[in-house]
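Number of protein chains: 2
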Amino acid sequence: MLSKAAIRRLRDLREKKNREAAGVFVVEGGKVVAELLAAGALSEVFATRAWLEKNTVPPGVAAVEISAGEMARASHLPTPSDVLATGQMRRPVLRDGDLSRGLTLALDGIQDPGNVGTLLRVADWFGLDRVLLSEDCAGLFSQKVVNASMGSFARVNAFRVPLAAALSADNLPPVIGCDLRGENVRSIGAPADAVIVIGSEGRGISPEVRGRVTRFVTIPRFGGAESLNAAVAAAIVCDRLRNP
Amino acid sequence: MLSKAAIRRLRDLREKKNREAAGVFVVEGGKVVAELLAAGALSEVFATRAWLEKNTVPPGVAAVEISAGEMARASHLPTPSDVLATGQMRRPVLRDGDLSRGLTLALDGIQDPGNVGTLLRVADWFGLDRVLLSEDCAGLFSQKVVNASMGSFARVNAFRVPLAAALSADNLPPVIGCDLRGENVRSIGAPADAVIVIGSEGRGISPEVRGRVTRFVTIPRFGGAESLNAAVAAAIVCDRLRNP
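Protein chains in written order, with numbering that gives the first Met the number 0: chain D, 0 to 243; chain S, 0 to 243.
Honestly, the hints are just simulated from the structure, not real lab data.
Model, not experiment: these values are computed from the prediction.
Hints are not guaranteed to be accurate.
[What the hints assert, rightly or not] Label pairs and their in silico Cβ distance ranges:
| # | chain 1 | residue 1 | chain 2 | residue 2 | range |
| --- | --- | --- | --- | --- | --- |
| 1 | S | Val63 | D | Thr78 | 31 to 39 Å |
| 2 | D | Ala67 | S | Lys16 | 53 to 61 Å |
| 3 | S | Pro190 | D | Ala67 | 48 to 56 Å |
| 4 | S | Gly29 | D | Val63 | 45 to 53 Å |
| 5 | S | Glu64 | D | Ser99 | 53 to 61 Å |
| 6 | S | Asp11 | D | Leu76 | 24 to 32 Å |
| 7 | S | Gly59 | D | Arg72 | 48 to 56 Å |
| 8 | S | Gly29 | D | Ala67 | 36 to 44 Å |
| 9 | D | Thr78 | S | Gly59 | 41 to 49 Å |
[As the list claims (entries may be wrong)] To be clear about the criterion: a stretch of chain S counts as covered by chain D if any three or more of its residues have a C-beta under 8 Å from a C-beta of chain D, and this derived list gives those stretches:
| # | segment |
| --- | --- |
| 10 | 96 to 110 |
| 11 | 177 to 189 |
Ideal Cβ positions, reconstructed from N, Cα and C, are used throughout, including at glycine.
The whole structure should be built from the sequences, with the hints applied where relevant.
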């Protein structure tokens, strides 16, 4: 059984400002909790007896039994599941020279949390070295981002940065922008080191970041759609880079 | 001003069975309405005076002014927008021999409406000739599908079919399944005629449909993610086919 104070604490974490102040993110649902437990990304699990009997919580993670009624009060979702978990936000710091090595995916103004999550999953599939998120991207620690990333959230090195400034560093590898105009993506080659910039579907790459791009590539269009989904575009570029 | 009966009719269209019986779909929001008006896919527009003053409704489409209060009662969304529109469902019939010509994207059990919409947009971008949806895919005419397709819904020839049966037709071109195992997608070549089968992210291609696949391709993985989003996988295959 949970104390009133414990339930109030979980409820308070519904507010982004409280999660930020505590440095804690919240996820709910059996699938994402299992993925993030496996990835070692969680610190507390609040679950019904039924869930606890069927699942193993590794040592070092607090497991607390909670009734369905308590879960309904603590949950952040309209339809509570049988498990809610918390984890510590990790905010690695981008160091000088990091971008000069390996493959970086830079997200410029991707505001839809589902898209950000899917982009993390793409970066994970293709084994990219890191993801940069501009400050106007969806927050990395929202439940929607974490759920859409399908566990990739815990495996990808993601940094929230002032993007144009980060792309002004010395000794950067090619900065490749994905745009409606540019070289055919099939001519991208397979650079070992590169930054791939993906803008939002509506507005494309922002003017400040555009000024840092050294090469534009485009995915040829054969039909009527005005744009491709940002995660779809990023995946096509990554596939060409990794599997030339 | 709308009659009570007119508001009731729009409210009743919240239920899928009523939309199916009337053969009508509903969309809401300025962006999707503008896209579908441009594509000639709508028959009625219910909008606030402010919207009607800023937008042009083409001849042949009924335009009805509606107050914010009426919209709140008619809308299908928790947060109504200033425009709601209806269109006739079109259900083209797949004919013998259709699949033998051109490129077909076949969706097997894609239940998430956002994914189905994004897949329609991918098919539109790459100018595919048609999309088949298995009977357990998300309904083609739900608002979520139409919104996620960003207008591609109105440009793509989409057929809901018993998929395994449809893929048993004579004279089919190669039926290429996208799977976790198979030839490297970069060796896919550029067949002018082909069917590309995409399964659900969780379960992959169903056993019955799998039996109709003549060739499997895979997108090589370099990192930790267990799967790729279905629309992402389809887009990579289409890019390789169209832009070899």
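| task | Indicate whether the distance between the beta carbons of Gly29 of chain S and Ala67 of chain D respects the range 36 to 44 Å. | result | Roughly 41 Å apart at Cβ, these two residues keep to the hinted range, so it holds.
| query | Are 3 or more residues of the segment 177 to 189 of chain S near chain D, judged by a Cβ distance of less than 8 Å? | reply | holds (count 3)
| field | Supplied distance hint 24 to 32 Å, evaluated on CB atoms of Asp11 of chain S and Leu76 of chain D | value | About 29 Å separates the Cβ atoms of Asp11 of chain S and Leu76 of chain D, which means 24 to 32 Å holds.
| request: With respect to the beta-carbon atoms only, verify the hint that Val63 of chain S and Thr78 of chain D lie 31 to 39 Å apart. | output: holds (35 Å)
| said: Tell me if the beta carbons of Ala67 of chain D and Lys16 of chain S are separated by a distance inside 53 to 61 Å. | reply: Roughly 32 Å apart at Cβ, these two residues miss the hinted range, so it is violated.
| query | Do Thr78 of chain D and Gly59 of chain S keep their Cβ atoms within the hinted range of 41 to 49 Å? | reply | holds (42 Å)
| said: Using C-beta distances, would you say chain D covers the segment 96 to 110 of chain S, given that this needs three or more residues below 8 Å? | reply: violated (count 0)
| task | Kindly confirm whether 48 to 56 Å is satisfied by the beta carbon distance between Gly59 of chain S and Arg72 of chain D. | result | holds (53 Å)
| Has the hinted range 48 to 56 Å been met by the Cβ atoms of Pro190 of chain S and Ala67 of chain D? | holds (54 Å)
| Hint check for Val63 of chain D and Gly29 of chain S - Cβ pair distance inside 45 to 53 Å | Holds, at about 46 Å.
| Is the distance from the Cβ of Glu64 of chain S to the Cβ of Ser99 of chain D consistent with 53 to 61 Å? | holds (60 Å)
Checked against the numbered hints listed earlier, the structure breaks hints 2, 10; every other hint is satisfied.
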